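Colleague: Here is how the chains run, residue by residue.
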Amino acid sequence: MLQRILALLAKELAGLWKDRKTRFVILIPPLIQVMIFAYAATYDVTDVALGIWNEDSGAQSAEMVRQFAASPAFHAIAMLQSPAQAAQSIDSKQVAAVLHLPRTFSADILAGRHAQVQLLIDARRSNTALMVQGYATAIIAAFSTELHPDQSAPLVILTRDWFNPNLESQWFILPGLVAILSMMMAMLVSALSLARERELGTFEQLLVTPLRPAEILVGKALPGMIVGWIDANIVIAAALIWFHVPFLGSMIMMQAMLVLYMLAGVAIGLVISSIAHTQQQAMLGVFVIASPMVVMSGYAAPVENMPALVAFLGLADPIRWMLLIARGLFLQDLPASLVFQNAWKLALIAVVAFSAAWVAVRRVVT
Amino acid sequence: MHMHGLVLKEIKQIVRDPSAILIAFLMPVVLLIVNGFSINFDANHMRLAVVIAAPDETVYGMMQALKASPYLDPIALPDAQAAEAAVISGDVRGMLVVRNDFSQRLARSSRWPAPAELAINATDPNTARILEGYVSGALGNWLAGLSTERRLLPSGGIDLQYRYWFNPELRSADAIVPGIIAMVITMTGTLLTALIVAREWERGTMESMLASPAGMAEITFAKLGCYFVLGMGSMTMSVFMAIGVFGLPFRGGILALTAASALFLVFALGLGLFISTLARNQFVAAQVAFLATMLPAMMLSGMIFDIASMPHWLQLVTYAVPARYLVSILQTLFLAGDVWSVVLPNLLGLAAAAAITVTATLLVTRRRLD
Chain B
27 MLQRILALLA KELAGLWKDR KTRFVILIPP LIQVMIFAYA ATYDVTDVAL GIWNEDSGAQ
87 SAEMVRQFAA SPAFHAIAML QSPAQAAQSI DSKQVAAVLH LPRTFSADIL AGRHAQVQLL
147 IDARRSNTAL MVQGYATAII AAFSTELHPD QSAPLVILTR DWFNPNLESQ WFILPGLVAI
207 LSMMMAMLVS ALSLAREREL GTFEQLLVTP LRPAEILVGK ALPGMIVGWI DANIVIAAAL
267 IWFHVPFLGS MIMMQAMLVL YMLAGVAIGL VISSIAHTQQ QAMLGVFVIA SPMVVMSGYA
327 APVENMPALV AFLGLADPIR WMLLIARGLF LQDLPASLVF QNAWKLALIA VVAFSAAWVA
387 VRRVVT
Chain W
2 MHMHGLVLKE IKQIVRDPSA ILIAFLMPVV LLIVNGFSIN FDANHMRLAV VIAAPDETVY
62 GMMQALKASP YLDPIALPDA QAAEAAVISG DVRGMLVVRN DFSQRLARSS RWPAPAELAI
122 NATDPNTARI LEGYVSGALG NWLAGLSTER RLLPSGGIDL QYRYWFNPEL RSADAIVPGI
182 IAMVITMTGT LLTALIVARE WERGTMESML ASPAGMAEIT FAKLGCYFVL GMGSMTMSVF
242 MAIGVFGLPF RGGILALTAA SALFLVFALG LGLFISTLAR NQFVAAQVAF LATMLPAMML
302 SGMIFDIASM PHWLQLVTYA VPARYLVSIL QTLFLAGDVW SVVLPNLLGL AAAAAITVTA
362 TLLVTRRRLD
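Protein chains in written order, with the numbering used here: chain B, 27 to 392; chain W, 2 to 371.
Hints are supplied without guarantee of correctness; some may be wrong.
[As the list claims (entries may be wrong)] Pair ranges (Cβ atoms, derived):
1. W:360 to B:85: 58 to 66 Å
2. B:45 to W:26: 31 to 39 Å
3. W:16 to B:45: 29 to 37 Å
[What the hints assert, rightly or not] Computed from the model, here is a short list of chain W residues facing chain B with C-beta under 8 Å:
4. 23
5. 31
6. 88
7. 123
8. 128
9. 134
10. 162
11. 165
12. 167
13. 168
14. 176
15. 305
16. 307
17. 332
Quick caveat, the hints were computed from the structure, so don't treat them as lab data.
Note that the coordinates shown come from a computational prediction; the quantities given were computed from them, not determined experimentally.
Think of the CB as a built atom: it goes at the ideal place given N, C-alpha and C, for glycine as much as any other residue.
Chain B on its own, in the form it takes in the complex (with noise of 0.2 Å):
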């Protein structure tokens, strides 16, 4: 039985790998989309463009163009004059912001009265107005305290981030970046095996051999764990000797639970493989299957966002177990106790795929 598995194995592998064509898409996509996706997917806003509209002539109103002007947030590009000036440049998106200091804000804060600044944030782009805003806040709170040296307001807020002290973006980026395509490519190889043999009429040369149905699915199953689990081991050699990403948690139960999760994804593609009867239709089911698995991970934006209908639904999502383990094992050493409270899920989400994978792969065979 091992013999004729291994046979089919590397029948399958060899089919992968003996087309120069196919090669090159199994290796080098993964490591030119940890390029992109990692200098590409930061959240951090850095030199925003910034106009400035002062109606004042004070030194307080100087003070405060210069503080916003050597900001790293913001770089000042334009003066403006006029409201219809303000609003024309952040239309045609010169600006993604316009600091306004009314006429009498010198003279407000010399008489200790309240001084107004207005800000008008471009908010196409909703996420970067929320930063903006975010670092504005700041300049000007700092900006309050100098005035008013003697009077430090009666609380502060002592700040520590976690797992991740200083906000890196690609620390994010990367340990779910393992999972998203280690879980693309074993869902492409494994769901488009059964279809090409279907599409090419091999099929029934596979079911003349001595091959049990079972053997049949170990057989097509193992590939696409093999490539899937290659790709993975990229991204994290990529994410640790290029990125520098910290990897405090244990590698063995790294590898471990991502034969689990190679698990899962290949017997997903197996469903679609043998509801597939041509190639096509089984990369267009990975495409509309794959993208809302990768969009409800959690892998973009927060889970708890989400209505509660998709969150729901992403509990069956084995990306999601996955990211949390991946990202708790790279930056916060996660105890062994609670990788296996996302474990289970992942084991009970594989168990069913496989049990799926395998009544459908039987319904084909025989």
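Assemble chain W onto chain B, guided by the hints.
Modeller: Okay, now just chain W, sitting in the frame of chain B:
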């Protein structure tokens, strides 16, 4: 001219094989619904553990203020160990620790400000930053309320007022749905031609078409034309969904929208043809199409991540991603209106992209004939 026959052939093929219809109409619906509802940066109900050493009236008031914030779900925990465990396991996003001399220090003058320690699980740095903002906002409001009673706050501060243009409530759907439409159209456009034509090469039906008296240009344009109609259909549907399902405004004009969609589709379909001609294998074509379209459209178009904040070399790369121009146009048309100073340069970029892919496809197919 053989256009008539060729177009008829393509239409028959589309009608007979449902996958083209599925790509054009089912995929946009799935992608829009799933992404539109799930990519949400409007964090609310973030769970926050609050550890209070000495409960009294002041601290109780602070807890009420935190509860009043729509963004926070404060949970009182008895000791710091329990809170730490909750932060580590991810049950709560962060913990706020208030020591037992908090109320006394707050009541006394400002020489020794009362410390509140906020520890955040920063494995998700974006959410960490947002949580910090909400906590300091909620506590700031609470202090401002206290100060009117007890005159705690310094006078003569500076009030900062914000106005969010185009999206006053900062709904993330308003900002993201135009980007998702761009992503959907990129994928449908490219997949339509990439997969379907790769199959023709794989099965050898492309060679038989080339052997027919129709010229290469005619075959290319017949294909582009038919899938163009499908793609425009899926674009129209996506725009109606954005308005009807996600409640986006549409403040621009039909003319600009049509021009942008048409140019972008020609680019995407052309790219699909180009990929499939080079790959001639469905697996490779799908992978390359995915790599060349969906990823850049999501990561490098400015839909989620701010282009101005990327490293400089990557900013230059984004100019080669036509989705960038489409996202910019769509965000402006949906939220701002016909701002020609934004729309025209981006249309120019789209036109260049379309011209390049169609020319490249014609060149490659001609060479591949031999």
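Colleague: Measuring from the C-beta of residue 165 of chain W to each C-beta in chain B, is the shortest one below 8 Å?
Modeller: holds, 4 Å
Colleague: Does the beta carbon distance between residue 45 of chain B and residue 26 of chain W stay inside 31 to 39 Å, or does it fall outside?
Modeller: For residue 26 of chain W against residue 45 of chain B, whose Cβ atoms are near 33 Å apart, the range 31 to 39 Å holds.
Colleague: Measuring from the C-beta of residue 332 of chain W to each C-beta in chain B, is the shortest one below 8 Å?
Modeller: This interface hint holds because 5 Å falls under the 8 Å limit.
Colleague: Under the criterion of a CB-CB separation shorter than 8 Å, is residue 31 of chain W in contact with chain B as hinted?
Modeller: holds, 5 Å
Colleague: How about residue 23 of chain W: closest beta carbon in chain B under 8 Å, or not?
Modeller: holds, 6 Å
Colleague: Is the shortest C-beta separation between residue 307 of chain W and chain B less than 8 Å?
Modeller: holds, 5 Å
Colleague: The hint names residue 134 of chain W as touching chain B; please verify it with the least Cβ-Cβ distance against 8 Å.
Modeller: Given a least distance of 5 Å, the restraint on residue 134 of chain W holds.
Colleague: Range hint 29 to 37 Å: satisfied by the CB atoms of residue 16 of chain W and residue 45 of chain B?
Modeller: holds, 32 Å
Colleague: Next item in the hint list is residue 88 of chain W. Is there a CB on chain B closer than 8 Å to its CB?
Modeller: holds, 7 Å
Colleague: Is the interface hint satisfied for residue 168 of chain W? The criterion is a beta-carbon contact with chain B at less than 8 Å.
Modeller: Holds, because the Cβ-Cβ distance from residue 168 of chain W to chain B comes to roughly 4 Å (cut-off 8 Å).
Colleague: Measuring from the C-beta of residue 128 of chain W to each C-beta in chain B, is the shortest one below 8 Å?
Modeller: holds, 5 Å
Colleague: Does residue 167 of chain W hold up as a contact with chain B if the rule is Cβ-Cβ below 8 Å?
Modeller: It holds, given that the least Cβ distance between residue 167 of chain W and chain B is near 5 Å, below 8 Å.
Consistency note: the structure conflicts with none of the earlier hints.
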